[in-house]
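Participant: Chains as they are written, first to last, in this note's numbering: chain A, 3 to 314; chain B, 3 to 314; chain C, 3 to 314.
I should point out that these hints are in silico values taken from the structure, not numbers from a laboratory. We put the beta carbon where it would ideally sit given N, CA and C, even for glycine.
Residues on chain C that point at chain A, a partial pick, calculated with CB under 7 Å:
no.	residue
1	Gly47
2	Asp75
3	Val77
4	Phe79
5	Glu90
6	Asn98
7	Ala101
8	Met102
9	Ser103
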Amino acid sequence: MGWSRKDLVAIRDLDAAEIVMILDTAASLQEIAGRDIKKVPALRGKTVVNLFYEASTRTRTSFEIAGKWLSADVVNFSAGGSSTAKGESFIDTARNIAAMSPDVVVVRHSSSGAAALLARTLDCAVVNAGDGAHEHPTQALLDLLTVRERKGHLDGLSVAIVGDVAHSRVARSNIHGMRKLGLSVTVAGPPTLIPPFVQELGVKVAYRLEDAIRDVDVIMMLRLQHERMTGGLIPSLREYSRTWGLTLDRLRAHARPDVLIMHPGPVNRGIELSPEVADGPYSVILDQVAKGVAVRMAVLYLLGGSKGGDQA
Amino acid sequence: MGWSRKDLVAIRDLDAAEIVMILDTAASLQEIAGRDIKKVPALRGKTVVNLFYEASTRTRTSFEIAGKWLSADVVNFSAGGSSTAKGESFIDTARNIAAMSPDVVVVRHSSSGAAALLARTLDCAVVNAGDGAHEHPTQALLDLLTVRERKGHLDGLSVAIVGDVAHSRVARSNIHGMRKLGLSVTVAGPPTLIPPFVQELGVKVAYRLEDAIRDVDVIMMLRLQHERMTGGLIPSLREYSRTWGLTLDRLRAHARPDVLIMHPGPVNRGIELSPEVADGPYSVILDQVAKGVAVRMAVLYLLGGSKGGDQA
Amino acid sequence: MGWSRKDLVAIRDLDAAEIVMILDTAASLQEIAGRDIKKVPALRGKTVVNLFYEASTRTRTSFEIAGKWLSADVVNFSAGGSSTAKGESFIDTARNIAAMSPDVVVVRHSSSGAAALLARTLDCAVVNAGDGAHEHPTQALLDLLTVRERKGHLDGLSVAIVGDVAHSRVARSNIHGMRKLGLSVTVAGPPTLIPPFVQELGVKVAYRLEDAIRDVDVIMMLRLQHERMTGGLIPSLREYSRTWGLTLDRLRAHARPDVLIMHPGPVNRGIELSPEVADGPYSVILDQVAKGVAVRMAVLYLLGGSKGGDQA
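In isolation and in its complexed conformation, chain A is listed as follows (with noise of 0.2 Å):
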């Protein structure tokens, strides 16, 4: 089977043959970080633009990275301060710029369903680098090539999602992600940062930080977001740390020795996660980093080196 969608938008629109395939395409890419000369000709020709509405240096390099080492031609559109601050609309900036013939289109935005929006207007591919609270689908397939690495396998294996779930991209794209692969998922976090009807999605929704992360292969920490902490939605940064921060005494007292520390960075150090854990021998943070290049190779590769396809 071949790749087929013209986009990636969200995780939710993918079967897992799919998110499979982007896998096994990453996996078979990554190796390139390894090597001498980290290049190979598969975009040569090809170009792709960052069209970043919200400031993301890492997110962007990453793609950016994957791009160049592919051989395709990467252009960075900053859209602070340009044509939107002469008012100009994000789809007649989006369709001036697909308008140059770009071959991908990677679109970070604050607004949910900003992506879908621009894979239905334009003719080129557009990959979510996400959008609102809605989705960060190379965020999850990089989180799920994270663990099957290290794991060895993604069946049958549980995990935990904890802290602000409710306002999380990267928790929906995860949630969706592992769902679709047979992996069982329990969120935790403060009642007021979990979403109602989560459980309709088919995960499990835990109260308490130990009640979480008992017994599960992976533990996957949230960000908490400077505006959600003076947003009134928790009581206090010390309270959340206290209750929700993620310590090597709770780890060892209530985790699996096996246990794998995730997260999507940047870490806020001594809030969800103290530094011994961020640092500590559980955590595949710096792991998942590297995996984020191979996978947004997979997705530039599958996308930007498709004729045709599907346009929707």
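Following the hints, position chains B and C against chain A.
Facilitator: The following block gives chains B and C in isolation, referenced to the frame of chain A:
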């Protein structure tokens, strides 16, 4: 005849044959945009620096893509917040850049004359990407190319340029280019936005939209700059839009059925153009953007590849 | 002897043979700038990340051009407004970048010691592009290369470094480099801007401009930082300029006719240098900029191409 100029500062400097040479070169290069592998080695080993003193991600991106498709190394030098902030003069910054041996410097600056100053000062090729209210030559060239392809020729065509003609480098470059190629040009707009003595450039002036757009082949609507909107030069946005905005009704009532609607972008929707017109069948706005890459490839190719040539 | 260091953090760390090796490498690479095709495959498939925490488009551009001429993939990571804004620490950001497998990280940071910290932490090569008031090694190397080419040799030459020596990483790197190569160095400036114990670095101190510049082969004027100007360390700009500014009259009255005038840029014209001196026949300021690209090519080449080497 070969290309002999070191720089492209102003359409006013070119003769008709030179303009046509750029258009012909762009016409032959534009098929690259449709290729599976958008890459030719024409400028391999050449360095293009985008020296932008005004935010313009769109034009910068167009030059960057053009350069990369020609295999040039493209370096973006955004002047905000750097040496400029440290008090370095424009010409000192430019001399420093030039000391790094670029082949082409593409400059955008808010001061009229900045590009000419640079062209006189630097040994490398200088391309004006817009200098104050002076000129924006590649915009006029892409406009001419768009019209030529849509109409099949340029001979004897008539164009209306509508809006803030007085402050528009786009209008100025187009007036020079169109007059040199024998098109007839009518400018129209509120009296405060029509430059005195504009007739001496060989154009007609209309003071009503209806008069301007009647029987012309092309209507070029200019962007109303935000600074004009609040500068007392127009009574109000609503008034401007009611008098000078191009709506579908007005278009159908007064213009020819085969008229082309152009706009340099970004469009103020609902001000100079109604959305139905901007997105309608008369509009060639996105075609202009696509031709922009072709024209910039042509300019970089002619200037960046030229050996010797006249040094002023 | 081959190059054996993983990093270039400080001139102070190098021995004379290492400095000369970089200069010789730069001298042989600099002819690339004059080629019709400025491109060699030396670093093809290598990734260079410019990690800049201070605005410095000029130095960043120099490294970017150097990397691209060597065929490296160059990625700019400007730390303003991104993960940093999200509260991520410098070292966490750097570890994240490193997880993306760059071959060289070029770092500029306002804190002295930032480059050394990075070099100890990361497995990849680290190049210091300026850290606080500590060092700016590639600047000293380009200065040495400029002098060596202009004078034909470095043996026994004498140099005056004038201005804000206390806060200048350029002065510090140059003092170390010049002393190691046997040049004699005199520093001069207002007492508040001369570091105590500077004589222990093997330099002489002069407290009058005339005394400093008499009979030296090279005068290196330092940039007066704006923050010093308002920080109470000098009585007034006018006073500083009158006492320490280098004018053509002073130059002719006190300096040798074959003296070289250097400045790391950007120049405060009329403050530390009069325009006639900055642009005059003694000035080699733009030559310094050109040599900057050559030196950075040499450093990227030696570090980016090195396999193994000492790991700290």
